[in-house]
Amino acid sequence: MTPLFLTSDRWYDIRDLGNLSRALLDAADKILPGGVVYVLAALIGFVASFLLFVLPSQLIIGVYGERRIIGRMQSRLGPNRVGPFGLLQPIADAIKLIQKEALTPTQADRVVMYIAPIIFVMPAVLLWAVIPFGENMVIADIPVSLMYFLAVSALPVIATFMAGWSSNNKYSLFGAMRIVSMAISYESPLVLALLGAVVMSGTISLSGMVAWADEYTIWMVFVQPLALVIYFICVSAELNRTPVDIAEAESEIVAGYLTEYSGMKWGLFYGMDIGYALAASGFAATVFLGGWTFFGLEEWVPGWLIFIAKTHLFYFLFIWTRGTLPRLRADQLMAFAWKFLLPLGVFNLLIVSTERMLWAEQDYAKGLIYVFALVNIVLSVGLVYAWARFNGYRPERTPTRPRLVKQAGGYIPVGERP
Amino acid sequence: MTGIIKSEPFVINIGPQHPSTHGVFRIKATVDGEKVIDAEMVMGYLHRSMEKLAEERTYTQNIPFTDRTDYLSSMSNNLGYCLAVEKLAGIEVPPRGNAIRVIMAELQRLASHCMAVGAFANDTGAWQTPVMWAFREREKILDIFEVTSGARLTCNYMRIGGVAFDLRPEFEPMVRRVLREFPPFIDEMEGLLSENEIFIARTKGVGVLTPEMAINSSLSGPMLRGSGIAWDIRKADPYCGYEQYDFDIPIGYNGDSYDRFIVRLEEMRQSLKIIQQALDGLPGGPFRTEVPLALRPPKGEAYARIESPRGELGYYLVSDEGPSPYRFHIRPPSFINLSALKEMTVGGTVADAIVVLGSIDIVVGEIDR
Amino acid sequence: MDGFGVSLAFWVLAAITLVAAGGVMVSRNLLHAVLFLILTFVGVAGFFVLLSADFIAMAQVIIYVGAIAVLVLFAVLLTPRASRDNGETRWALPGVLLSVCLAAIFLFVIHDTAWKTRDGVPQGLSASDLGTALLTTWVVPFEIASVLLTAALVGAIMLTRSPEEEAEDALA
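Protein chains in written order, with the working numbering: chain A, 1 to 418; chain B, 419 to 787; chain C, 788 to 959.
These are computed hints drawn from the structure, not numbers from a lab. Even glycine gets a Cβ: it sits at the ideal position worked out from N, Cα and C. The reader is advised that the hints may include incorrect statements.
Straight-line Cα separation of at most 20 Å, PhoX-like style, residue types lysine-lysine; simulated pairs [as the list claims (entries may be wrong)]:
1. B:446 to B:760
2. B:691 to B:453
3. B:446 to A:406
4. B:653 to A:406
With the Cβ distance kept under 8 Å, some of the chain C side facing chain A (calculated, not the full set) [unchecked claim]:
5. 837
6. 838
7. 841
8. 853
9. 854
Coverage of chain B stretches by chain A, computed from C-beta distances (three or more under 8 Å per stretch; other residues unrestricted) [what the hints assert, rightly or not]:
10. 478-492
11. 496-502
12. 534-545
13. 619-628
14. 708-721
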């Protein structure tokens with residue numbers, strides 16, 4: 001990839017931390033034998049991305065920040081006792097969970113129950129291998145990073161299922177199956193939404209998307225707003241977050257798939273829920289929000305700081321909807337996915353393919369993309385509205401205030417004047 | 419080719435420990451796949467035999483019992499009981515006592531509806547944000563109760579012949595503050611919930627109660643009014659001087675949970691109107707007629723009813739000229755309202771059953787007494 | 788395709804895949820068998836990566852693990868409990884004989900073929916090549932496959948409708 005902006009190659013230029021790691025690896029290559037430097041590269045990548053960025057983010061923003069922000073939304077304080085401003089709360093939670101006794105029912109399948117949280121952790125860690133933090137700061141710059149995301153997001157479904165089944169509890173199996181069916185229903189609109197972004201930028205790799213955003217100085221969100229909205233809803237469903245969290249909620253009644261899990265096993269599910277949400281936010285920041293570029297600001301501010309800011313901004317959207325919206329019923333959720341989101345995704349694909357074709361004929365003129373952005377924004381709003389009305393959504397038919405009567409009389413049917 | 423994939427109905431227990439705040443109450447639901455086929459209610463987890471215990475105590479000593487039946491609207495409970503005893507003994511209440519009673523009953527209606535509306539939104543899954551906002555407002559009202567009667571929840575404030583204590587000087591500014599700050603809160607709840615697509619999808623058409631069914635099951639309160647029947651005891655059979663205040667009765671359209679929700683929100687607005695009028699026209703004078711400690715009403719029976727936040731709360735007293743009542747019976751609105759639960763839940767899903775239960779707004783203390 | 792890392796990866800992946808495939812056959816519990824099957828799929832995806840066919844590797848995981856394995860899991864779960872045991876059957880001996888014959892045929896064919904190896908890194912199949920092929924050379928099978936899948940989807944929904952829903956549809 002051609003250098004897009006003015007960075008030096010010196011190892012102390014922290015605007016691109018890839019320089020630092022490259023210097024380290026070059027030095028190590030002289031000392032160590034053969035291919036061991038690859039292992040070292042992977043290790044450095046893992047430490048840098050997961051341990052230094054994701055885990056603290058997860059703990060601070062995910063556990064602590066989320067509870068504080070939701071607390072403020074509910075006009076109460078969040079946790080503020082443990083440590084200064086309550087910042088040590090996640091550590092306290094982790095210690096509590098580790099020292100808790102993780103009960104396993106006798107009839108349950110121990111091996112599968114043990115493995116399920118491990119498989120659940122895998123996507124949250126694996127996804128960070130392909131997300132670009134900066135120009136040279138990708139651990140594995142594969143040409144199909146987007147599909148890697150989709151492939152890895154198939155794993156939590158299996159883990160959920162294993163968790164529900166191994167608990168040997170009729171109701172957790174029921175709940176787990178419901179969650180799995182919801183997750184796979186929301187995978188189709190997710191793929192279609194991402195496909196819109198792929199068609200527009202012409203590349204499946206994430207670094208390619210960032211390069212496209214930088215070259216045409218526009219973020220994908222302006223060209224494909226509908227895709228971002230569909231992506232947000234579908235990823236919320238994959239992550240089992242409100243308003244689509246029938247995993248946690250229906251568990252009041254049908255004792256969801258997590259009932260038999262306690263102690264750190266549950267802690268892993270909970271923590272990696274947040275980790276996976278952060279990964280999905282990072283992914284959205286890269287594809288839709290322009291990654292580590294910011295219309296030229298990345299020459300002064302380090303790209304990875306910009307990227308971290310965008311990730312957390314997107315994660316705030318998750319927190320916001322969680323604190324505000326009530327939950328949908330399971331069958332309403334599936335109807336929404338199949339009848340509303342999937343056709344919208346298909347329409348979006350149609351529009352974007354037409355535009356790409358027109359654009360190719362104009363030899364990818366830079367000005368045309370802004371026209372497309374404007375047209376797409378207007379079309380998205382119109383499409384959502386039209387499709388909702390076509391599906392029978394009539395908001396004016398729902399009165400939000402009751403009728404008022406003065407005298408205590410008999411029954412007044414609807415339609416007669418009170 | 420249909421019917422090949424059969425599902426077998428099985429029984430699940432909703433309760434007795436609810437995650438929502440309805441108390442210890444159990445529904446044995448027979449579920450076939452997703453649909454509820456049968457719902458049987460099992461109550462009695464909170465039975466404290468108040469009615470029997472009341473036969474050992476004097477009339478005044480029974481007032482704290484009534485606090486604890488419907489612990490979310492203790493002022494209204496006290497009021498109903500005192501009205502029954504006054505009817506039995508033929509005691510007149512001075513106008514100041516009546517006005518104070520009206521203010522307290524309406525404030526209690528506000529507090530109880532806050533709780534009902536918040537808990538209902540919590541049942542649909544709005545992760546406690548409406549509950550916290552509702553409780554923030556309820557705190558102001560509970561502070562008023564504490565200043566006046568000494569307790570926040572089980573106030574024990576009404577006495578036979580009036581109220582226990584006179585109003586303190588801090589009372590009026592606090593009530594004026596509530597009158598000022600409550601309408602924005604109701605607007606907030608409307609903006610957050612009544613116009614929220616997800617909330618409407620969750621509650622519209624859920625737990626529909628036809629008017630015939632409502633009248634046949636002798637329902638009352640917001641359940642009755644949600645189905646379009648304009649019946650409010652404050653208008654139909656006024657007590658405590660309600661006929662002098664100007665207020666409306668909100669009635670719903672279809673009788674589903676959404677209508678009951680908006681009826682409750684509107685009732686809060688009307689209560690604010692009543693409190694405003696009562697506070698502006700508060701007469702002076704005595705607040706209680708003197709009544710002997712061990713009251714011995716003449717032989718007879720009396721039934722008095724009030725419009726509590728949940729419906730018609732009735733008290734039936736039989737006296738045999740002793741210091742204690744011969745028979746003391748409470749007609750709890752939640753218990754009678756629950757008899758329609760089966761019709762409302764059968765045919766829906768389990769999630770709908772929870773929403774319907776939230777919209778009935780039960781308090782188990784008065785179901786089991 | 789040389790290099791120590793590549794050989795190591797190949798042997799490790801081969802071991803995982805074969806052990807998992809063996810686990811599918813051998814495990815008594817049907818659900819364990821399905822989980823081993825998922826591991827086999829992932830192993831095969833790893834082989835695709837070794838051959839530099841990255842798109843196909845990801846597609847393998849998405850389709851096989853994400854959709855087909857879930858389908859098998861649902862199917863296994865919705866059947867009555869009795870047939871969930873991968874137990875003894877009187878077809879064991881004929882099965883073994885048949886697989887020995889098949890294995891013998893395969894081994895003879897593998898031994899007798901003149902395998903040609905190509906030097907250098909294999910040319911992976913990029914997404915754009917696949918896309919072009921699917922939409923120009925192979926467009927008819929592509930469309931027929933999508934029609935077939937739609938028919939299967941509609942048929943599945945038809946099968947699970949209860950009688951009163953069917954009556955509703957007939958009237959509407």
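Hint by hint, here is what the structure shows:
no., hint, verdict
1, B:446 to B:760, "holds (11 Å)"
2, B:691 to B:453, "violated (43 Å)"
3, B:446 to A:406, "violated (41 Å)"
4, B:653 to A:406, "holds (9 Å)"
5, 837, "violated (13 Å)"
6, 838, "violated (14 Å)"
7, 841, "holds (5 Å)"
8, 853, "holds (3 Å)"
9, 854, "holds (7 Å)"
10, 478-492, "violated (count 0)"
11, 496-502, "violated (count 0)"
12, 534-545, "holds (count 5)"
13, 619-628, "holds (count 3)"
14, 708-721, "violated (count 0)"
Of the hints listed earlier, those the structure fails to meet are numbers 2, 3, 5, 6, 10, 11, 14, in rising order.
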